[in-house]
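Trainee: Residue numbers (the numbering used here): -13 to 62.
A couple of the hints might just be wrong.
To be verified - Here are the computed lysine to aspartate or glutamate pairs in the EDC-like style, where the Cα-Cα straight-line distance is at most 16 Å: (1) -1 <-> 26; (2) 35 <-> -7; (3) 61 <-> 26; (4) 14 <-> 55; (5) -1 <-> 47; (6) -5 <-> 18; (7) 40 <-> -4; (8) 14 <-> 25; (9) 35 <-> 18; (10) 14 <-> 26; (11) 35 <-> -4; (12) 35 <-> 25; (13) 35 <-> 48; (14) -1 <-> 18; (15) -12 <-> 21; (16) 14 <-> 48; (17) -12 <-> 25; (18) 40 <-> 18; (19) -1 <-> 48; (20) -1 <-> 55; (21) 35 <-> 49; (22) 40 <-> 55; (23) -5 <-> 55.
As the list claims (entries may be wrong) - Simulated restraints on C-beta separations: (24) 53 <-> -5: 17 to 27 Å; (25) -12 <-> 60: 32 to 42 Å; (26) 38 <-> 12: 17 to 27 Å; (27) 44 <-> 7: 30 to 40 Å.
Simulated from the structure, these hints should not be mistaken for lab results. Cβ atoms here follow ideal geometry from the backbone N, Cα and C, with glycine treated the same way.
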Amino acid sequence: MKIGKIEIKEGDKIRFMIGIRIFIGTIKQITEYNDVIVEDLLGNIIAFKPRNAKFIQLLTEEEWNRILERYNQNKK
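Please work from the sequences and hints to get the whole structure.
Mentor: Rendered as structure tokens:
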């Protein structure tokens, strides 16, 4: 699915903003109605329409690992 200049697909790691909240997770599915279903770091499922997001960023593997590391440190 193409959003603006970026192409997203299932399995991509993304950061996106809906309202005033920023979510980070992995795309699990893109439905036929262009809803994007994401599993966040806590395992919660979030569904959103890309047009409602203020921004969507693809994360590199390095950024994703750094975020996971920080999340695991704060969880202790």
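Trainee: So, for every hint listed, does it hold in this structure?
Mentor: Hints, one by one, checked against the model:
About 10 Å separates the Cα atoms of residue -1 and residue 26, which keeps this hinted pair within 16 Å; it holds. Pair hint residue 35 plus residue -7 holds up; C-alpha atoms about 15 Å apart against a cutoff of 16 Å. This hinted pair checks out: residue 61 and residue 26 have alpha carbons roughly 15 Å apart, not beyond 16 Å. A hinted pair counts as satisfied when its Cα atoms are at most 16 Å apart, and residue 14 with residue 55 does not qualify at roughly 21 Å.
Taking the CA atoms of residue -1 and residue 47, the gap is about 8 Å. The hint holds against a cut of 16 Å. The hinted pair formed by residue -5 and residue 18 meets the criterion: a straight-line CA distance of about 13 Å does not exceed 16 Å. The straight-line distance between the Cα atoms of residue 40 and residue -4 is roughly 20 Å, outside the 16 Å bound, and the hint therefore fails. Between residue 14 and residue 25 the CA atoms are separated by roughly 7 Å; this keeps the pair inside 16 Å, and the hint holds.
A threshold of 16 Å between alpha carbons decides the hint, and for residue 35 with residue 18 the separation of about 12 Å falls inside it, so the pair holds. Between the alpha carbons of residue 14 and residue 26 the distance comes to roughly 10 Å, so the proposed pair stays at or under 16 Å and holds. With a CA separation close to 15 Å, the supplied pair residue 35 and residue -4 stays within the 16 Å bound. Taken as a hint, the residue 35 and residue 25 pair is honoured in the structure, with Cα atoms around 15 Å apart against an allowance of 16 Å.
About 27 Å separates the Cα atoms of residue 35 and residue 48, which puts this hinted pair outside 16 Å; it is violated. For the given pair, residue -1 sits about 20 Å from residue 18 by alpha-carbon distance, which is inconsistent with the 16 Å threshold. For the given pair, residue -12 sits about 13 Å from residue 21 by alpha-carbon distance, which is consistent with the 16 Å threshold. Distance hint between residue 14 and residue 48 is unfulfilled; the C-alpha atoms sit about 20 Å from each other, more than 16 Å.
Pair hint residue -12 plus residue 25 does not hold up; C-alpha atoms about 20 Å apart against a cutoff of 16 Å. Our distance criterion of 16 Å between C-alpha atoms is broken by residue 40 and residue 18, whose separation comes to about 22 Å. Proposed proximity of residue -1 and residue 48 is supported: the alpha carbons are some 11 Å apart, at most 16 Å. At roughly 15 Å between alpha-carbon atoms, residue -1 and residue 55 fall within 16 Å of each other, so this suggested pair holds.
With a CA separation close to 24 Å, the supplied pair residue 35 and residue 49 exceeds the 16 Å bound. Between residue 40 and residue 55 the CA atoms are separated by roughly 26 Å; this puts the pair beyond 16 Å, and the hint is violated. Annotation: proposed proximity of residue -5 to residue 55 is violated, straight-line Cα distance about 24 Å (limit 16 Å). A C-beta distance of roughly 20 Å is found between residue 53 and residue -5, which places it inside the suggested range of 17 to 27 Å.
Between residue -12 and residue 60 the Cβ separation comes to about 34 Å, which falls inside the hinted range of 32 to 42 Å. Our hint of 17 to 27 Å for residue 38 and residue 12 holds, since their Cβ atoms are close to 19 Å apart. Distance hint check for residue 44 and residue 7: the Cβ-Cβ separation is about 19 Å, which falls outside the suggested range of 30 to 40 Å.
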